[in-house]
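> So the chains spell out like this:
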Amino acid sequence: MAVVLLPSLLATEAGGQQRFELDAGTVAEALRALPIVDLIFDERGELRPLVNVYVDGVDLRDRDGLETRLAGSEEIRLVGAVAGG
Amino acid sequence: MVRILVGTRKGLFIFVAGDERRDWTLEGPHLVGWEIFHAVLDPRDGSIHAATNNPVYGATVHTSTDLGVSWTRAEELGLPEESGLTLEKTWHVEPGREGENGRLWLGGAPGVLFRSDDGGANWEAVESLVNHETRDRWHPGAGGMCCHSIQLDPLSPEQMYVGISAAGVFRSEDGGASWTPANQGTAADFLPDPFPPVGQCVHKVLVHPQQPERLWQQNHCGVYRSDDRGERWERLEGNGLPSGFGFPLALDPRDPDTAFVVPEVGAENRVTPDGRLGVYRTRDAGASWELASNGLPEPAWVAVMREGFSFDRLDPFGVYLGTQSGSVFVSADGGESWSEAASQLPPILSVEAVAWP
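Residue numbers (our numbering), protein chains in the order written: chain X, 201 to 285; chain U, 12 to 368.
This is chain U alone, in the form it adopts within the complex (with noise of 0.2 Å):
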């Protein structure tokens, strides 16, 4: 069985489907009154939490133990005093690794992390990123400070990183106790020098599960791959892509030269270029790509939110993308063609799929 989290403005709605992934049936809406900013359900345990916030009650993360059918909210969530920030968003909630019982990520504005280890009731900001001595070189995007990516090498179990709009890409190699900038590479265009150490506007970033000194980035100022677990990066766009801007980015579990983006015009026209709903594809780690977007609609100008796509381990592997006009679509066989699966819904933020009995 398949469930995809589809976090929007208005609450959380969970489409479950057999492994086909053809008729999708809907649970919810869940969490009703808030913007579910990033929904993910842990395969260890099959409990959901996502990353919460209201406009007039602030930022938290709620999780259920059941599916959806009842729901906690963390205990009262917060930034030490002494740092000066005080929480604004949550954004993104990753389960930690197997066998690391109860652990888990949270990422936040304004560029802060916290970590978990009961199972999301209560949470601790991680002081080495609130404190990074490059913090007075970061700077807001248009979302916020957001600490949008967290990912974990799931080989070793001191790697970890995050991706912060804008201050760049960071990699731990002690489990978060220290963060090294690991942006080289990467331009920040808008800044006036165009390589600094940080200040990077990281739209996503993912480690490959199966090769995971493999890195793939979608920044403000274009695609990009590391084979050296982030210590430099190559720029891939020119090459079949229709723009380097963008959010979202999906892989192939299996395969570490295949990745997906979703293209936007630019920063001063965010939706899809050409007038369709485009999803491009590489299988050639960037190289080339070409347009993967059979069944989706066109003409449309629409955008796919940075948490808005995501990619199942079955077999053949699903990608999933939900738009900021409220469709979400479903490809069972890796990105050759695409479905509908639901329409209508309020804005989504984010999509998570996970196969789970």
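Okay, chain X solo, but in the shape it has when bound (with noise of 0.2 Å):
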């Protein structure tokens, strides 16, 4: 299972829950079983631009994308970009 971790707000969005377990091919698969997809994705499916994902500690611009496979026992980390005041 793949384990995903979620920032604080949404986790709060999440209902509170901030690390999900799921069984996903993919990166894509996994970021769309969350119940915050509507927050992390765009009405036309595209990731927001300034979500970041890591699969293990590696940016997902430097895999193979929202395609990127998962073995199953990935730790994939969602950050907002650090910006703004």
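There could be a bad hint or two in this list.
[Unchecked claim] Stretches of chain X that chain U covers, calculated by requiring three or more beta carbons in the stretch to come under 8 Å of a beta carbon on chain U: (1) 202-213; (2) 220-229; (3) 237-245.
Read the hints as simulated data drawn from the structure, not as lab findings. Cβ coordinates follow ideal geometry from the N, Cα and C atoms, glycine included.
Dock chain one against chain two, each of which comes alone in its own frame, and use the hints as you go.
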């Protein structure tokens, strides 16, 4: 099972749950199974540009993007871009 | 009991007081981490609806049916794929009329309107506005192309208005199925044709609740009144107002001739004029304006956002304003005197006041 870890705002929106264990073949499948899918993807299904996704500490952009395959034990961490005041 | 819903860049703050509107108690903050562009308490059932935005996680609507104790987020909110548009921000939630159970309207950017018939859980884009024939002549203002004003005629169930910056005012006489530009007489000094059919930078529109053929408008280019449901607008400044530029607007709920504005120096210097927080009031339908700022700070160079001004329906009626510098001011006597109800809040984006048990 892959583990998805949410930042605090998304965890609040997910009913207080910060950690999800999911059986998914790709990162996209894992993220689309979350109850906050509308907050990380826009209405076209595109990952919002300021949502950063790390798979075992590596930026998704340096892997195969949302189609990055999961073996089943990865840690997927969502991090909002650090910006603003 | 009166509640002030104060939307800020850092969540929703609710202030509660008795009908004397003197001693305010804070509830919250709620919806921490969200920018609250507007929040409203639905007088039909006491639910709170908030237009919520986050720079990372997008635009949505949150609803509470227990006065802020718990919140639910709308189901996925978006625009039809064939429109080629994606939702940028949510700006304003307007409850439906008495008897229209569950109906809500939501304005957003880019110049879009949504309707809910289930109390805010699900929203459908109003395609007649998404696909409006004049859309190619709309353009965004500094805050984006925001649909910030939604006004329902309380006496005519099919009559409603929206204000979009910078597209103008649009009137529907069929419950939102079609829209007619209602901008005759309002200026767009920043365009080659200063009086175009559409493209005006309307900042706020209000319908008078007891005389709904009368509309008031604060525009980028002046303050206006219409006495014929937006067919024609009359420009009103030059008679006591230090500037025609401003954003917020408030009314006297019982006197259609009384309105309040908070002018700013101008588009290039968006602070209140003359070094004071100046509320200006007309009691003769805009023929003249007077300063109504007894108790407001001076010197002061502040700004009040378009949603940062509100009035209640009590007698005497209350007027409320919130500043970008985080203060809430209340007048419990129709603008005769003001006192500070709260300070040191995050930048205030919206203020709505309502009497609710």
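> Examine the segment 202-213 of chain X for residues whose CB is less than 8 Å from any CB of chain U, and state whether their number is three or more.
Three-residue rule met by the segment 202-213 of chain X, so holds; n is 5.
> Checking C-beta pairs, does the segment 220-229 of chain X have three or more residues closer than 8 Å to chain U?
Result for this restraint: violated, n = 0.
> Within the segment 237-245 of chain X, is the number of residues with a Cβ closer than 8 Å to a Cβ of chain U three or more?
holds (count 7)
Consistency with the previously given hints fails for number 2 only.
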